[in-house]
Amino acid sequence: MKLNTYLMFNGQCEAAFRFYERCLGGRIATMMTHEGSPMAGHVPPEWGKKIMHATLVVGDQVLMGSDAPPGHYKQPQGFSVAIGISSVADAERIFQALAENGTVQMPMQETFWALRFGMLVDQFGIPWMINCEKPA
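For the record, in the sequence shown the residue sitting at position 74 is 300 according to the working numbering, with numbers rising by one throughout.
Honestly, I wouldn't trust all of these hints.
Claimed, not checked - Between beta-carbon pairs, the in silico distance windows are:
#	residue 1	residue 2	range
1	PRO264	ASN236	45 to 51 Å
2	LEU229	GLN349	39 to 45 Å
3	GLN331	ARG248	20 to 26 Å
4	GLN331	GLY274	31 to 37 Å
5	PHE305	ALA241	31 to 37 Å
6	TYR232	PRO361	31 to 37 Å
7	GLU261	VAL307	26 to 32 Å
8	GLN238	PRO361	35 to 41 Å
9	ASN236	LYS360	35 to 41 Å
10	PHE305	TRP339	16 to 22 Å
11	MET332	GLN238	23 to 29 Å
Everything labelled a hint here was simulated from the structure, so no lab data went into it.
From the three backbone atoms N, C-alpha and C, an ideal C-beta is built for every residue, glycine too.
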């Protein structure tokens with residue numbers, strides 16, 4: 227079994243995934259639009275360029291997402307995308323990159339369990355937790 231995070235956006239999926247590609251150092255493996263697909267008739271014509279499915283590969287991990295169909299988007303709540311990083315420098319770099327034009331909820335700092343931990347909501351409304359655990 228494999229669990230993957232699937233994020234829904236309000237029309238900004240392409241911009242978000244290009245941003246995550248840059249912040250996380252991954253590569254976009256899939257970026258399908260509604261236009262030209264069997265789903266094109268199920269969305270308004272102006273929605274043709276919106277993302278039906280996107281996949282970002284970061285190392286051996288996959289982040290997926292799409293633009294929610296018109297009228298179906300709901301602001302994300304009740305979860306965070308958690309990233310575990312072994313390097314303090316990488317944790318701080320990724321936190322700062324994802325925080326660009328977003329809202330920091332807990333600044334990156336040392337905690338009793340982590341060399342660095344921080345929480346933020348990025349500019350696309352997605353909540354993140356960045357964790358660099360202390361060695362055992």
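Review point. Looking at the structure, which of the earlier hints fail to hold?
Key: Violated: hints 1, 2 and 5.
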